[in-house]
Amino acid sequence: MSARKEAKGSAGGDRIGALPDEVLHRVLSFLPAQDAVRTCVLAPRWRHLWKSATGLRVGEDESNLGSVKEQQEFLDHLLVLRDSAPLETCVLRFNWYDDDDFEDIFRLNVWFRYAIHRKVRFLRLDVWQEEEFGNPVPIDEQPIVSQHLTRLQLYGIVLNDGLLDFSSCPSLEHLVFESCVFECAKISSNSVKHLSITFSNFPAGTSRVRIDIPSLVSLRLDRIYDRKPVLERMPSLVDAFVSVPSSSEDFCGESDSGDCGRDGCESCYGFTNKNCVLLEGLSEAKMLVLINEDESFIFKRDLKWCPTFSKLKTLILNGYWCVPDDSHMLARILEHSPALEKLVFQLGYQAYKRTNKIKGILNPMERSAGISEHLQIVEVQCNAIDGQVLKVLKYLSTFKIYFSLEEATIES
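Positions in the sequence shown are counted from 1; adding 86 to them yields my numbering.
Hints are supplied without guarantee of correctness; some may be wrong.
[Said to hold, decoys possible] Derived lysine-lysine pairs resembling DSS-like cross-links, with alpha carbons at most 27 angstroms apart: (1) Lys-386 <-> Lys-477; (2) Lys-445 <-> Lys-480; (3) Lys-279 <-> Lys-205.
The set of hints was computed from the structure by calculation and includes no laboratory data.
Could you build the full structure based on these sequences and the hints that come with them?
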């Protein structure tokens, strides 16, 4: 074989291996940690490359989740052998831990803090729960101190005041909590822009948890159980989704507004006069989704001191807001939305089944005084046009909003 052909063949034999170490460290960061370590047998040059990989991923593949105990030996050895290179991404996911075993809890805390110490930018700790709030993992109360962390996602964790004080994380912008228990008084940050809390529990206590993140641009509170948190002012808020489930401590058999006045009422205590729980903090949003189930009194109570939604352009509500009552809930929120351009009602629980869309007709000459002069689009989305939907359409006609069923559209 000629020298030219030999050079050509060798160049094509290991093109990946010819890349600079820094590039290979990044390539290895996308592999599961076990696979990244296995590359050490490929060739002498690969023997130590995995030690500087910029990503650490354990259990990212849901089909290959292991328990904390099953992953302990591998992770302990990996962290000892790994060099001091910074981490960009760390994903730690487990399908179970023994809440009676101090060693499991200790290891989870050590691994979590290791990632912080290695200047991680994206950190996810996920301990899968068989049941909602079954065995959440307690993380120590030491505050997170990091100039580098930008994204934090926690699943199945008990959260305390120390952990939720993000004042020492100036780069943190994305926060995600799912299936967590908030045993704290406050969640605070001056840098976070995107916050999502889903399927989580705020246990009843002497006072409500306060969310004090004035930098928020988007907020999602979905299936928040027990007592709803108080939202502080968020002047930069663009869009928010808030869903209040029926399984809630914010329900009183003696009052539908959280003000029964009875000493010791486990639902109504903790309020001060004329303060909102949710709506005041949401009042500067441009797009707002408010979903409420029947028993909770939070929105009805907040509407007594309804703030003005001066920037609100799009409002999406569920059927709860379309029931005539003494509180005139829909009228109150429309009266306080002077810039509203689009109003959508979503009827039915399964969003993917809402294939029917009925567009409302607004006559400028008959427009109700309490409705924004900028409102151009009104739409009802539903699973099927049944008796309940017809009741909603009839109720909306009291606001001089009319509908033609002949013009209803069905999406496939």
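Checklist entry - For the pair supplied as a hint, Lys-445 and Lys-480, is the alpha-carbon distance within the 27 angstroms limit? => result Cα-Cα ~14 angstroms, so holds.
Checklist entry - Straight-line Cα separation of Lys-279 and Lys-205 no greater than 27 angstroms? => result Roughly 20 angstroms separates the two Cα atoms, so the pair holds.
Checklist entry - Is the hinted pair Lys-386 and Lys-477 satisfied, with a Cα-Cα distance of at most 27 angstroms? => result Measuring from Cα to Cα gives roughly 21 angstroms; hence the hint holds.
Hint compliance for this structure: every hint is met.
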